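Got chain A; can you put chain B on it based on the hints?
The primary structure of each chain is shown beneath.
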Amino acid sequence: MNQTSAETLSVVVERDMPHPPEKIWRALTQPLLIEEWLMKNDFKPVVGHRFDLRADWGAVDCQVLAVEPVKALSYTWNVSRDDMAGLTSVVTWTLTPTSTGTHLRMEQSGFHPDQPRYYQGAKYGWQKFLADLEQVLARID
Amino acid sequence: MHAAPAAASVVADALFKSLADPTRRSLFERLCREGEQTVAALTARAGVSQPAVSKHLAVLKQAGLVRDRHQGRQTHYSAQRDALVPLINWTSQMTGFWESRFDRLEDLLNRMDQ
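Chains as they are written, first to last, in this note's numbering: chain A, 1 to 141; chain B, 1 to 114.
No lab work stands behind these hints: they were computed from the structure.
Predicted model, so just to flag it, every value in this text is computed and none were measured.
Heads up, some of the hints might be wrong.
[Claimed, not checked] Covered, in the sense of this in silico footprint (three residues per stretch, anywhere, with C-beta under 8 Å from a C-beta of chain B), are these stretches of chain A:
{"#": "1", "segment": "12-20"}
{"#": "2", "segment": "35-46"}
[Unchecked claim] Some residues of chain A that are not near chain B, with every Cβ distance over 10 Å (derived):
{"#": "3", "residue": "Ala27"}
{"#": "4", "residue": "Asp52"}
{"#": "5", "residue": "Val67"}
{"#": "6", "residue": "Pro69"}
{"#": "7", "residue": "Ser74"}
{"#": "8", "residue": "Thr76"}
{"#": "9", "residue": "Thr98"}
{"#": "10", "residue": "Ser99"}
{"#": "11", "residue": "Gln108"}
For every residue, glycine included, the Cβ atom is placed at its ideal position computed from N, Cα and C.
Okay, chain A solo, but in the shape it has when bound (with noise of 0.2 Å):
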């Protein structure tokens, strides 16, 4: 894909929907909507706005990076806990118009972007380093 893609830890979730974007806007970015299928929220879809996303297990602190209506919605992803400084991730969703509704696409990054010092000197991936350990692991194990 792209380099960026290369130097992450990413998660990639995508499905054809027989809805169409604007439908799937709304349960994307309505707190009730975004309750229903994901979690209690105080969400609003306006960059720089810092939300919860609150279960029983505890809380994931969010804030939004991107709002492109019924296109792009992207938001920081750090889960709650006062020891740690918390995993650094940012959940993209992406919405294409289809002839029968919609793709909609999600990638959980395990790094953002924004913060060089992840990026910087890195030699190579994370799924390359992933894979080369485990085979490094197989090989002794």
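Positioned in the frame of chain A, the structure of chain B alone reads:
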């Protein structure tokens, strides 16, 4: 179901940070490949000073990735490979989490139709 990704993220945090640095990654990989080594032996091939190597090792130790053993005036370090499990599992656990949320989102969208 819900606890797994949250716990995995928290545990993975220290691992992400400690392994985000290429010098630390290479130190850790060497310990995995070559077994226990002294700080002096690691420094000889690290391309950075001994205090820098010691600092990197301290970060790896904090994350549970290495263990130290003192013998005389030497400190020996060895890799703790089990500490990597949460990191290797992170991707599959988060994928499972989001797949289930996509299911719920689709349920909701179907209900919104009605």
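Here is what the structure says about each hint:
1. 12-20: holds (count 4)
2. 35-46: With 3 residues close enough to chain B, the hint holds.
3. Ala27: 6 Å, violated
4. Asp52: 13 Å, holds
5. Val67: 18 Å, holds
6. Pro69: It holds; proline 69 (chain A) is separated from chain B by about 18 Å at its closest Cβ, greater than 10 Å.
7. Ser74: With a cut-off of 10 Å, serine 74 (chain A) remains clear of chain B, as the shortest Cβ separation is near 15 Å.
8. Thr76: 12 Å, holds
9. Thr98: Fine: 15 Å to the nearest Cβ keeps threonine 98 (chain A) off the interface.
10. Ser99: It holds; serine 99 (chain A) is separated from chain B by about 18 Å at its closest Cβ, greater than 10 Å.
11. Gln108: 6 Å, violated
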